[in-house]
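There are 2 protein chains.
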Amino acid sequence: MNKRDSISMSVIRRLPRYYRFLGDLKKNGITRISSRELSARMGLTASQIRQDLNCFGDFGQQGYGYMVEQLHEEIGKILGVDLKRKTIMIGAGNLGRAVAAHMSFNTKGFELIGIFDKNPLVIGKAVNGIIIHDSCELEEFCNKEKPIAAILCIPREATKDIAESLISYGIKAFWNFSHYDLAISHPEVTVENVHLSDSLMTLSYRIGR
Amino acid sequence: MNKRDSISMSVIRRLPRYYRFLGDLKKNGITRISSRELSARMGLTASQIRQDLNCFGDFGQQGYGYMVEQLHEEIGKILGVDLKRKTIMIGAGNLGRAVAAHMSFNTKGFELIGIFDKNPLVIGKAVNGIIIHDSCELEEFCNKEKPIAAILCIPREATKDIAESLISYGIKAFWNFSHYDLAISHPEVTVENVHLSDSLMTLSYRIGR
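Just so you know, the sequences run in chain order L and R.
Counting along the first sequence from 1, when you hit position 6 you're at 6 in the working numbering, and nothing is skipped either side.
Counting along the second sequence from 1, when you hit position 38 you're at 38 in the working numbering, and nothing is skipped either side.
Just chain L, same shape as in the assembly (with noise of 0.2 Å):
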């Protein structure tokens, strides 16, 4: 089994992270560090940064540190940040045009192609350059520029049928703002979640413990 195939999401889950904190490093002309002075910066121990590392391959050395840049590059890779998905955005509300317009796919994996929309006072204007178009336009939207990625903005009640649709239009991936537990019903599609709400909740629980 190759090696990477046995990570478990705890240690993926942190890989952005060290992938953000090397690109600052970077940018302030630190070209090597430390698993020590790495793990006072992160809030980690300099043994789970080693450990963690060390599921992708031999980046530090003993006594020398790790190079800023290449691993920064490595775990870039990795994350398959340099490649252009083409992905689409269900739902131009608030939080669909905020998203679109706030976070810089290509960077990130990723090419917004377009954002759909049922609502006529959206459809025809444009976020971050990129066009609304009328929801039934999806199917030939997608059958002609093949995403294969989606992003969900959408209220919860809509989200089963759409991605549904969006399934049997070639959709693979999503990002699901909507409440729907989508990976539940879709094992075969690779779901990534983002419940704002579970995380207040988890502020309000930790405050004052």
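Check before you lean on any hint, since a few could be wrong.
Treat identical chains as interchangeable: a pair holds within one or across any two.
What the hints assert, rightly or not - The calculated DSSO-like cross-link candidates involving lysine-lysine, where the alpha carbons are at most 30 Å apart (straight line), are:
no.	residue 1	residue 2
1	K26	K144
2	K160	K26
3	K26	K125
4	K172	K26
5	K86	K160
6	K118	K77
7	K77	K125
8	K86	K26
9	K125	K27
10	K144	K27
11	K27	K160
12	K146	K27
13	K26	K146
FYI, nobody ran anything at the bench for these hints, they're computed from the structure.
Here the structure of chain L is known, so what remains is to put chain R in place on it, guided by the hints.
Below, chain R without anything else, positioned relative to chain L:
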């Protein structure tokens, strides 16, 4: 030591999810559920569910299952969702406005009482009935209203200085959408980070694996 003090963050992070699922069951008129049924719906193992819920008290009965309403209410209390902690938002750009319009704070333990921005184009407008104030009024507002939590929807460069000010004005908890790692420079406050780009990069990693 109180049993609850030693609960791991990974259990805590699952609590809001239980709360959501149980809320749905309740809404659908389901009064009782076995850990096996709950596990099928949530995509967790039954033994995981029993272990998690056991951290907080004896909610289930062997061979009988969980009382949905009671368990929902109990988890809500643990999460503190009924508390109305006075909360302010800093930054009324796309993201801030989307979060203010989209989230129901009052069912998650918080009450949004003011939004602040330095952009004259948005000052004086309202989102969801909450007025956007000029950032220069922040200190006065905090002295008067005594908010304890702040939502940061500002660019990373601005975060350090504003966070320092907010802490000096009495803010104890941050819901942080900026990419500045607040928790490391201020271990005395509670910080819950939302890193949308980390989530997107995790999706990038998982596609095709």
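Practice item. Could you work out which earlier hints the structure fails to respect and list their numbers in ascending sequence? Key: Per hint list: 1, 3, 4, 6, 7, 9, 10, 12, 13 violated.
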